[in-house]
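6 protein chains.
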Amino acid sequence: MTMTSPSTATISAATLDLLRTVTTGTVTTMLLKKGIRHAWMKGAMPFGFTGKRIVGPAFTLRFVPVREDLATPASWLNPISTRSAIEAMPEGCICVADAMGVTGAGIFGDILCMRMVKRKVAALITDGVMRDKHGVLGTGLPVWCQGVAAPASVNMLTFVGWNEPIGCGGSAIFPDDIIVADDDGAVVIPRDLVEFVAHEGAEHELMESWLVQEVEKGERLPGLYPPNDENKKRYEAWKKSR
Amino acid sequence: MTMTSPSTATISAATLDLLRTVTTGTVTTMLLKKGIRHAWMKGAMPFGFTGKRIVGPAFTLRFVPVREDLATPASWLNPISTRSAIEAMPEGCICVADAMGVTGAGIFGDILCMRMVKRKVAALITDGVMRDKHGVLGTGLPVWCQGVAAPASVNMLTFVGWNEPIGCGGSAIFPDDIIVADDDGAVVIPRDLVEFVAHEGAEHELMESWLVQEVEKGERLPGLYPPNDENKKRYEAWKKSR
Amino acid sequence: MTMTSPSTATISAATLDLLRTVTTGTVTTMLLKKGIRHAWMKGAMPFGFTGKRIVGPAFTLRFVPVREDLATPASWLNPISTRSAIEAMPEGCICVADAMGVTGAGIFGDILCMRMVKRKVAALITDGVMRDKHGVLGTGLPVWCQGVAAPASVNMLTFVGWNEPIGCGGSAIFPDDIIVADDDGAVVIPRDLVEFVAHEGAEHELMESWLVQEVEKGERLPGLYPPNDENKKRYEAWKKSR
Amino acid sequence: MTMTSPSTATISAATLDLLRTVTTGTVTTMLLKKGIRHAWMKGAMPFGFTGKRIVGPAFTLRFVPVREDLATPASWLNPISTRSAIEAMPEGCICVADAMGVTGAGIFGDILCMRMVKRKVAALITDGVMRDKHGVLGTGLPVWCQGVAAPASVNMLTFVGWNEPIGCGGSAIFPDDIIVADDDGAVVIPRDLVEFVAHEGAEHELMESWLVQEVEKGERLPGLYPPNDENKKRYEAWKKSR
Amino acid sequence: MTMTSPSTATISAATLDLLRTVTTGTVTTMLLKKGIRHAWMKGAMPFGFTGKRIVGPAFTLRFVPVREDLATPASWLNPISTRSAIEAMPEGCICVADAMGVTGAGIFGDILCMRMVKRKVAALITDGVMRDKHGVLGTGLPVWCQGVAAPASVNMLTFVGWNEPIGCGGSAIFPDDIIVADDDGAVVIPRDLVEFVAHEGAEHELMESWLVQEVEKGERLPGLYPPNDENKKRYEAWKKSR
Amino acid sequence: MTMTSPSTATISAATLDLLRTVTTGTVTTMLLKKGIRHAWMKGAMPFGFTGKRIVGPAFTLRFVPVREDLATPASWLNPISTRSAIEAMPEGCICVADAMGVTGAGIFGDILCMRMVKRKVAALITDGVMRDKHGVLGTGLPVWCQGVAAPASVNMLTFVGWNEPIGCGGSAIFPDDIIVADDDGAVVIPRDLVEFVAHEGAEHELMESWLVQEVEKGERLPGLYPPNDENKKRYEAWKKSR
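Residue numbers (my numbering), protein chains in the order written: chain A, 10 to 251; chain B, 10 to 251; chain C, 10 to 251; chain D, 10 to 251; chain E, 10 to 251; chain F, 10 to 251.
Hints were generated in silico from the structure; no laboratory data involved.
Because identical chains share one entry, a pair is satisfied inside a single copy or across any pair of copies.
For lysine-lysine, the following BS3-like pairs were computed, each having C-alpha atoms within a straight-line distance of at most 27 Å:
(1) 127 <-> 241
(2) 42 <-> 61
(3) 127 <-> 242
(4) 127 <-> 226
(5) 248 <-> 127
(6) 249 <-> 42
(7) 129 <-> 226
(8) 226 <-> 248
Hey, can you work out the whole structure from these sequences and the hints?
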């Protein structure tokens, strides 16, 4: 008996496009306004690249600890395997894998990543690690993870299913939650809050760009960031004048 | 899409009775003979008692990290809640809860434990902690856990379902696997291996009782434990003479 | 430049007396209603006793890591030393020591604890450990800590001051915040929230006592805990009938 | 090529007897006077008893991580096994086992402990855990460890030798170093420093007994502990008057 | 009541210049000669650059754990805020922030770093992490930290003050202690020891440069490093001949 | 009394050459076929380079925790020192150092690495860290480690010997075991299994190269990886046709 996603809100392409202009840092600040402090996935950092931001709905994978009679290369022939999970991934999804933070076994290598690229998966995010670093980088799949290990997943992990609620890096992820990942890591937005985060976040980015200009000019921080009433007016004036 | 239990082998009451004579230490040694090194649940230790051994099939609970809009006291009204899970527990089962090793929020307190006693649940095992220590001990429910914390589960955990495969203390647990717990902690036996573990384990216990007598008499360890051919013969003779 | 306590609200003796009837578990649940999830001090557990509840205002101590030229037995002669801090403690206060979770050096031994008893300090709480277990227990001072170590504080810690804001076990403590400690550990209540927690908490304890009776009678959990409208009415009726 | 013990100083029985009057806390303070801050073995705590102090020379055991083809029950038949090591232990020694802090496999169970008792081994100290808690307590061997686990050592550890330099709980132990263990844990004294620690330590214990009396009388701490010149004179007078 | 800096020794510009020729590795070795083993700040590593060495006096910041009612974006308006602290930083100082090793919330982002550059702060050092990696690197402020996280400080930390004694990465830092940071991390020199470390350190660097030449020529290590009497003479001769 | 290497099997140069074509990832998979799950050394990652694979026999070093009277710069003059160990290293060996995972003291700096290059040591692998990052990279010695720290080994470690069995990153290493290290880290092959791993591993690499081609063409994963009977036939046909 498993909980289903707590929201099935429709999210427009325009909202997702707007969200692509919002940094993960700003996303966490907008979520804090709603009382949510657990959205950033500890350990999931860019794997060998910089300067990318990816946005999309979560497709979850779940691992439990190794059981030696089940976690074997032979298990990859079973209907419930990472292979079948990949074939179920829709175009544009972001695969989020709960590896329980295990760093001694790589969940995926080059062959699986290459297949995900073929299926147009947007990115792979995990609180665990990858294996076959050179090969994975070669596929071009954007990956956020803790690093790399030589052993395969079956050395320490048993794959048990997909599109269930999971934990990843200390945050709860439900299928179809919206994921944003960039140089500061990966964050999850509960589906119901995506409209709020996208619009408030875009406004926040605008204000920060004005703040940067002010600090560049030599303004002092107190009263400016966050702005007091006078500075709020100056900011509004600047916005109109753009 | 979730993996179901890999075995539905029938286990007789006689086998379970035999297993009640086998220590958790011996269970792990028997499983090692089958190549299984991950069966003991780290962190799950007897909570305020000593000298009990409990055996029964696993009923699993699963938590993921807190999501502040979902993990609230109000969530306990939902159909997927720890309350509903308890009402689904069959008599004699052992409840095994995956709390991801979190030690800052107690998964259950006295009221839920009292209801589990009413439902004749045999024991509760978790890699997390309890709350309301005094009250929980008062219910008499045998609990294996890491200790106690004042905050409720919703402070750090979101409950997401029951009778799925879980991890607990670094071991994989499938529903209806057989659990054995005593003063040395709690172990899981994959359902297919229960017959083997019960019978080989009981024999192993017998041999250890003979070894203890021999060491008491002053015998040296090399050649005795494990026994060489001569000592194997002496043991067999002793067995017949009992 | 240090932040002072964010509240200097007056708290009546009656409120503190009411708070003595509220468990630490209930305190954390009341604080959660106000959005506060960090109040329980991880690692601070009863040291060799059970069944006590202590309530009082915080008097804080602060340690930083060892600096070998400063953290020496000679440092105990300085005006800023743990000795002077103890002489500054008011009757009835609860001493809360930020030991940064260090478990390899005991912050206090029997002589300092004995002096705290003479000064009528109500309790000592730390995320570190004690030394001289036998002697400390002998003084009768109620202590919440992680355990015991033989080395003195100067082996790993430098004492730097008292009655500053500190961290203890992952929670922020300001001087004169109200501390509650019992078998489930120790929690801090921001001074502004003490009235709310005491009154709502006492009502919550009453309802839990009714719930226990209902479960004892065999009631099912869903609808009862938390109570639906019907059960709320039954509870109100019971309250009036007492 | 292994380092041998850096000292072979002779230690009289009288010195060891004097050391039996010195707490582990005082031992660490005396060692600090000689610049030694790493002597207490983290994790090695009394296993199911209180009020004992044991003193004796170290006999070391060394484990490395499991290698599945070597760490098997069959390995116990090898000449380099824990069994052979026990037969090599001299009467009165304290066995100190480097288990690398591993808490998922018990290094010894009841049969090996019983044999150590027969060989008049004074105590067993480890930064790991035991197995078969009930049986081990039954042998009466004083054990300092981190707790208990059901699996045997071969589940996670490979035994590789005895009487080599080891690490235990973050301290370096050389064979024949002197070990002191009591309620505050276990400490190692480099052989060259034993005379100093025993004599200075006994004097320190005496002064602490006087301090306790003074605090009992209501004396303030500053100037008393540590004593200023006036209090040093009072202490000396007290000593003479005994 | 807080301890003030234990030294106010004057340090000449010439000494600081000499110190700029000394590696952090050599600084730790010179401090070890004075019995100081805790000077390197664990976790504070160069953030996106290589080949820099920065020297200057410490300006400290202190955080405690989050308290949800205090750690909010609104708190940045308070007089005791990170904003005010930055305005108090003198030119040439090195800001050292005690983030308690927290890696889930970035203490500063691009706007605050930009203001620090405007104020001619020499560097920022923390045992925590930054946020807004791209923007921070763009400011050119040299930062030593554990990495990056998307959430702001208020997600996990409460700022409580500046220029107090702090811990950072396991070392104690007092205001105006001298900090040296390079590719091997960041170290603190107690103010009283700066003259010693600068002069002995510079000599040590010279000897190491000679050693490198000798090893390049094929000399064996024993007797050379550290040098025996013969090699000491050879080194002295080389020094004179330069 | 120390265990000697469990195998002295002769390994041909041809086998080592074949092994140079096998990734560390494949090595761990081949070892898993033999029941060995502990071969990858956690923490030992390439230090400032990419794209290298090194193969050779292990020469082990062993450290225990610091003992302040022994772990001093003066200790480097002793016959049992890291200096003497380096002079004992044979050409082509891979030095594997058990630093107990300590990250606060660098085991070696530039001078020792330079000498190892002169002695034609193939690589240095440790679960600890290096010091003098710039200098070490300058020597060109391939190093796998956890990173860098300024303090020297004597700050936290005591060197006790060489060519004994050790633990490194959670794996057991015996002298002359064969080590393979590349971008995915470092693994150990028990000497008896080298022939098997080299030959089976090379075949496995070939099959993976075919799999990559198939996935590139758009093949689905189930049935392909691992291959079912039909795909096994296709693979065999491809092998013949090369």
